[in-house]
Structures are given as C-alpha cells and as structure tokens.
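Undergrad: Each chain, letter by letter, is given below.
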Amino acid sequence: MREHRTTIREFLGQYFHIGGISDSEDIFSLGFVDSMFAMQLVLFLERTFDVQVEDDDLVMDNFKSVDSMTSFLARKESATA
Amino acid sequence: MSAQKRFQTVGVVGAGVMGCGLAQSLAASGHDVVLVDLTPEVLEQAGKTIRQNLRYSRLRAPSSAKEPTSAVLERVHFTTDYEALGRAEFVIENVTERWDIKKEVYGHLHRICGPEVIIGVNTSAISITKVSSLIQNPARVIGMHFMNPVPMKPLVELIRGYYTDNGTIEAASTLLAQMGKEGIVVEDMPGFVTNRVLMITVNEAVFVVQDGVAEAKEVDRIFRGCFGHTMGPLETADLIGLDTILDSLVVLYESYNDDKYRPAPLLKKLVAAGLLGRKSGHGFYPYSVDSPSSF
Chain A
1 MREHRTTIRE FLGQYFHIGG ISDSEDIFSL GFVDSMFAMQ LVLFLERTFD VQVEDDDLVM
61 DNFKSVDSMT SFLARKESAT A
Chain B
82 MSAQKRFQTV GVVGAGVMGC GLAQSLAASG HDVVLVDLTP EVLEQAGKTI RQNLRYSRLR
142 APSSAKEPTS AVLERVHFTT DYEALGRAEF VIENVTERWD IKKEVYGHLH RICGPEVIIG
202 VNTSAISITK VSSLIQNPAR VIGMHFMNPV PMKPLVELIR GYYTDNGTIE AASTLLAQMG
262 KEGIVVEDMP GFVTNRVLMI TVNEAVFVVQ DGVAEAKEVD RIFRGCFGHT MGPLETADLI
322 GLDTILDSLV VLYESYNDDK YRPAPLLKKL VAAGLLGRKS GHGFYPYSVD SPSSF
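Top line first, the protein sequences correspond to chains A and B.
Using the numbering used here, you'd call the opening residue of the first sequence number 1 and step up by one each time.
Using the numbering used here, you'd call the opening residue of the second sequence number 82 and step up by one each time.
The shape of chain A in the complex, shown without the other chains:
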C-alpha cells in the first residue's frame, strides 16, 4: 500500500508542490486544484492501478486526499480479490 501512496504523491507533485502537504489533507480545500482536477485523478487512478471507477464511486470524498485515494484503491482491490 505504501507503493500506491508514493505513486499518488508523485502524480500530485507534477501539478503542485506537495512537500508540505500531509496525506490526510484535503487538496481541494487547500485551493491548489479545482474540481476539474478530480476528474484527472479519476483517470490517473484507473490507468495506473487498473481499477474501474464506477458511477457510485464518483464522489469527491474518494479523491480529496492521498489517504482517501489509498483507502479507495484498497476497497476496490479487496472487492476484486
């Protein structure tokens, strides 16, 4: 799971300076990115981790922080395991 976390942080690092942001912080409320960026996150997670983001998964809570994305991936992977 540490690997997922690292990969997500690397992706976010392409768009803003992530050094001072903890894994639990809401990147949208911090104002670094807008809601359009959430869709980029959805596509990134689908491509990189080979998961399918379904309609019911399309809620901001799943993508708002590194922790939420890591938990989301864990749920998806356990559901398909």
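Simulated from the structure, these hints should not be mistaken for lab results.
Where a beta carbon is used, it is the ideal one built from N, C-alpha and C, also for glycine.
Errors might be hidden in some of the hints.
Selected chain A positions facing chain B (in silico; Cβ < 10 Å) [unchecked claim]:
| id | residue |
| --- | --- |
| 1 | Ser35 |
| 2 | Met39 |
| 3 | Val42 |
| 4 | Leu43 |
With chain A held as given, fit chain B onto it using these hints.
TA: Frame of chain A; chain B shown alone:
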C-alpha cells in the same frame, strides 16, 4: 408546425466540443440524439468525451445525476451516415465556422430533412439569413448559439434570421425548456451580441500580451479581480479554442470590413503552432491532456 409538442429525437451535426456538449445535454434531459460526424475516429473520441464529461458532472453534483452514465450514453446514436437524420424532429448543426463546410452540410440537410424539421444553427458568427438560403423553407431556420460548456450554461442566444417565423422561435424555446435552458432572442447581425463583444475583447487581450503590456495570467487576474468576471479573456479563449476564436474574428472582419476585428498576429501564430487551448493541451496556459475536453 406545432411548437407545443415535445421533441424527442434531435439530430446533432458535428461532434466537436460544442456538438459533444450539446449531445450530452440533450441525452441527459431524456432526448434521443443522432450525432453525425465525418469519421468513426471522431465519433469514437466523441463517445469518450461525452462519457468523461457525464462522469465529471456526476462528480461535481452527484444529486443531479438521476440515471447511470451508461443509460444516458445509450440515448446517443453515433453515426457517419447523414441519412440517420431522417428520423430527427429537430436538427442542430455545429460544424466548423467556415462557409464552405456549412454549405456542404446544408446540402445534406436539404435533401434528408423534411421541410417541417426545425434547423438550429449553432454558430457564433455566421449569418443565419445566409445559412437559411441554403435550404428549403428558410422560415424554420434559427440561430441557436449555445455557450461552452453546454451542460452548465442555462442561457442560449437565439437568433432570428430574416425569414425565421414565430413558430420556429417557439419551437426552439420549447426544446430549450425541455433541456432546462432558456433563450434570449436577438436579431441577425454578424457576431450577434455575444461574439461581437467577446471576440474583440479577447483579440485586444492577445494584443496586450503580444505588445508586452502584461502576461496572460496578469490580464486574466485583472478581469477576475477588478471586474468580477469568473474567467479572464485569455482563459476563456483557451476554453473556447484559439482556432475557433481566430475563425470567428475572420468572419467578423470579413462581415463588417472593419479593421477593428483584424486578428492579432500572436493569435494566428499560436493557432499555426497547434496551441489551441484546453483541447490541445496548451494555449495561453498548459493543461493536462486528461482534462475533460469541454470544461
């Protein structure tokens, strides 16, 4: 024609940014859509774009998405065959703002669509009266200038051509109401209200950057911070597409024969370099190519 009836099947010609947004908006409001473009590749990309943008709408406002994404998409019939428009009760044309291209498309519509079918011209600059001369029964032709992104913009500029009759205006208003939108009727002069004012503003903002008066981000900040605009003129240009801006300016320039519409050389240069804004990944600003294309 009966303006009060509900339109169920709507043809959309052109699957670019506007055509995709329109098809999405129509399908999401329960209409069957026949989306026509020239190649399977363009249509395949359109399918992906519409799906992404439906998902984005759901993400932004989960409560507004009443049906599964797949159910909405199933109402869009993607085709390269103009004949499929034969079952449409209303057709909205969204092809490139070039007269030679429009002329060819209206040749197809003239042949395939019955004289009672309402024809909406989704243009930002081309004369509705001139377009209506390409088709039988010009009274059923009306300008419908949708704004981008179509699903998020509640107002539409409706343009009355010289021959457009009141029944056609009522019919277009009915379709817009079915889509949860409203039209504002204006008269047919090049650029109407929106583009006549917007394009010259965008063009002057490009001149400001070209002349080194300010950088793009400073120009946009001034419009947002000083005038309360949601977006500055250059961000707006990137959203619309710099090629579309250039095409619109050329149409205005040729229509009024007035130098005030001459396109800025920097705008021409960016378009020539393929920097078209959001849709190409770079315009006045860089974008990720994964961005939903019509947002």
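Undergrad: Now tell me if each hint is right for this structure.
TA: Status of each hint after checking the structure:
For Ser35/A, the suggested interface contact is upheld, since its CB lies about 5 Å from the closest CB of chain B, less than 10 Å. With its C-beta approaching chain B no nearer than about 5 Å, Met39/A sits inside the 10 Å limit, and its interface hint holds. Evaluation of the Val42/A hint against chain B yields a held restraint, the C-beta minimum of about 7 Å falling below 10 Å. Residue-level restraint check for Leu43/A holds (minimum Cβ-Cβ distance to chain B is 5 Å; threshold 10 Å).
In this structure, none of the earlier numbered hints is contradicted; all agree with it.
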